[in-house]
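Enquirer: Letter by letter, the chains look like this.
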Amino acid sequence: MKRIAGMLVVVLALGGIVWAQSSLLINGAGATFPAPIYSKWFDEYHKANGSQFNYQSVGSGAGIKQVTEGTVDFGASDGPMNDDQIKAYRTKNGAGILHFPTVLGAVVPTYNIPGVNGALSFTPEALSGIFLGRISKWNDPAIAGANKGVNLPGNDIVVIHRSDGSGTTYIWTDYLSKVNSDWKDKVGKGASVNWPVGLGGKGNEGVTGLIKQTPNAIGYVELIYAAQNKVPYGIVKNASGSFVKADLASVTEAAAGAVKTMPEDFRVSITNAPGKTAYPISSFTWLLIPEKFKDTTKRDAIKGFVKWAITDGQADVESLSYAKLPKEIVEKELKAINKIQ
Amino acid sequence: MTARLRWRKLVSAFMLTMTGICAAVAVSVLFFILGYFVYNGGVSINWDFFTKLPVPVGETGGGMANAIVGSAKLLLLASLIGVPIGFFGGIYLAEFSGNKVAFVVRYAADLLNGVPSIVIGIFAFALVVHPFKRFSTIAGAFALGLMMIPITLRNTEEFLHGVPRALREGSMALGAGKWTTIMRVVVPAAYRGIMTAILLALARVAGETAPLLFTALGNQYWSPGWNQPTASLPVVIYNYALSPYEDWHRQAWAAGLVLLGLILMVNIVARVILSRGIAVPRS
Amino acid sequence: MATSSINVPSAGPVAGSRSFLSKLRSGDEIARLITFLFAASVVLITLLLIYELWIDSALPRHKFGLSFFFTRVWDPIAENFGALPFIYGTLVTAGVALSLAVPLGIGAAIFLAELAPQKLSDPLQFFIDLLAAVPSVIYGLLGVFIVIPVMRQWIQPALKSSLGFLPLFQGPAYGVGFFTAGIVLAIMVIPYIISVSREVLLSVPRDQREAALALGSTRWESTWKVVVPFARTGIMGSIFLAMARALGETVAVSMVIGNTPTISSSLLSPGYSIAAVIANEFAEATGDMHTAALIELGLVLFLLTFILNGLARLLMLLTTQRGSGTAQA
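Chains as they are written, first to last, in the working numbering: chain A, 1065 to 1405; chain B, 2 to 284; chain C, 2 to 330.
Just to be clear, a hint being listed does not mean it is correct.
With a cut-off of at most 27 Å between alpha-carbon atoms, the simulated BS3-like pairs for lysine-lysine come out as follows [as the list claims (entries may be wrong)]: (1) A:1156 / B:53; (2) B:134 / A:1367; (3) A:1201 / C:161.
Which bits of chain B does chain C cover? Going by a derived footprint, with three or more residues having C-beta under 8 Å, they are [as the list claims (entries may be wrong)]: (4) 2-15; (5) 122-133.
Keep in mind that the hints were calculated from the coordinates and are not lab data. Glycine included, each C-beta is placed from N, C-alpha and C at the ideal position.
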């Protein structure tokens, strides 16, 4: 018995020493929307710099909560924290929290309709009707009207939404609230809403997976998830009346209006933006960084990463279908980084 | 033979065949599971799987080395928490305690055993993650260790009870104190049973996912020390299975095969040892 | 009687403390104390767990009171929380699981206990015990990649076309849902029913069977009409045990149930269970009320399993008493 105990102590001590020697580990959690580009960035930054950023793609809601609780070093969300959440953060932590936009992305309506492989055209009325549960069949006139020439089956629509607290949901419901007053009254916008219909999937990953496996399904995911997994996605009618496909140009156009009016704290919504070729369901996504850090090594590593991500890191974003940040916003952010103490 | 008797005999033969079919179905499920995993997971297991770290989302390749090591660390720490409490508690119940105390302790252990694993996860979060403000291997191990306690406790008590009184009395007659008797005579006699109980407890918690979801969280890299979040096999399988990426599905099957294989092996070894008899060694 | 040191009583102060001290010196008292502390810690931990669940769920308990159990709405934005959809989903999936697992399980147990020769029965039981050791996430994997597609493509449409007039089998065939979760749970709890029922059946005294056979009953009749009723309480106990397991099952269920808080009379509808919603929402519940509501759900689940386990123990206790009582007859 003594021998076993002795061996155990030695093993533990060794293990602790060996494992503790590895380089700096920084923990973050949050949005699944930018997870592909973040995981690529963290991988590249690790190769160049050595510090390890462990990012858990658990959803924007979890990101906000965990950074507020202090259980992770930084958070990530595509729905900016609202005033109550920011106040709660300040009360819990004694200092503020900063938002840093990192990329621009698009949320697209993806679907799996037997026999339909191309891009369907969706009006705001069609999308809100489907997600309110009022439009229940694919060949409903509200959908068919914009898709003349496409053979839509008479099958029941299977709506798929997020089961976890999601910034992607925030963007989607923000858009629906702007284009449909019924949606605004009945459901509202948020990271977790009371969905009238549909199944829940976990994360952008889970929703994409469900759509791929479920015939007659429709859901909303970040563009890269639809593209990487070869799931067809639709084009949406924007505020100016044209049907726009989500791509680098249309998303950048959506952000163009915000450049001039960007507030100090970078919290802005660009859904249903004006502009002839603007994609209506676009959004920034933000890193949530505490204003004050106790651990200066972590603080410097995070500051270094943010600086790299909004400058050099932007070279990687387009290959993953995200749009670069407008230059003016990057300049503002570089100044704001100095606020991190 | 009357018609009625013929009918009753027919019914009898039929129903008994049906029960045979029930048993066959139940057992074949196990082989079906094993077969499916070997088929789907076997093709994906390669050296990379055991040695590489995961690659960025959407890219193919990479492995689960950090999850395997993470699970091993969790289990090691969990046994350090669960085994001593169960072992020494079991000794108390078998050797020292009176009936009333024994009843209360046994009842508490059974209660703990019946707690759903997700509730244990909540408890570990409230006790370890929330106050110290971090997800960590310790938090995950705490949750798993709690789940090991009841199995270890009850089994230690049972196997100690199974050691014949004569051994104890002989030792005492030779002048040994109670504690010496326990540690040098009784426990070694029940040694095999207790070891297998510990193995079974380990196998039980090795596959648990729910308690780790918000205690150990997850990690793309190696988890340094004991105080950082860590990847673990069951959680990685869970996440990969729900994702849309084919490559991750493939890896999930492989990981499932590894996990299933380890757990079944431990169970088989433990049960074989137990069935060979674990009481007093003949000498 | 057996102490390792010899107490030499001396004319000192309080005789009691002197003997305690010497017992202490002997090491046995320390050993007793230490092992007692370990044993007591089990009780303390369990009490602490209940305490934490109770305290941390104070917010919604005060706000909603008993209406928590009857409200259908789960709205994190409006901070309006009701447990009914989750309780419903938990009970329905457990119900489906038991209605599949109990007949199969008892049938298999009868086969193993009554019919199969020991050379066959023991190895089969060994395999069934292994089935009980398979972790939940493995069942989840099988559920996602095998059961769901099979349900969606074959079984659910077949149920709809043949039994679709019943409200039980209406609605679109998603693949996920109460029924799918019930099937996965059934596979998970069958081993418990089989192993406990088999043991109980084996413990029924031989004379019961032989008496029935001597009176001219067929094998089946003696089993079904004499042995099984005799073992009835033990079998009930195994069912309660299985039910407790099914209620608390988290991962496998959350992967196949559809994650939608709905109450529907159709088994094909997606739903949610208590354990699944905690697993999905706990890490991100913003706002203290949301977190506390989830903890209250955890408390509800704990109480449900506590009651079921208690009933199971009671029944097992009754069985063993009965068994030993009639053996002398």
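Enquirer: Honestly, which of those hints from before does the structure not fit?
Expert: 1
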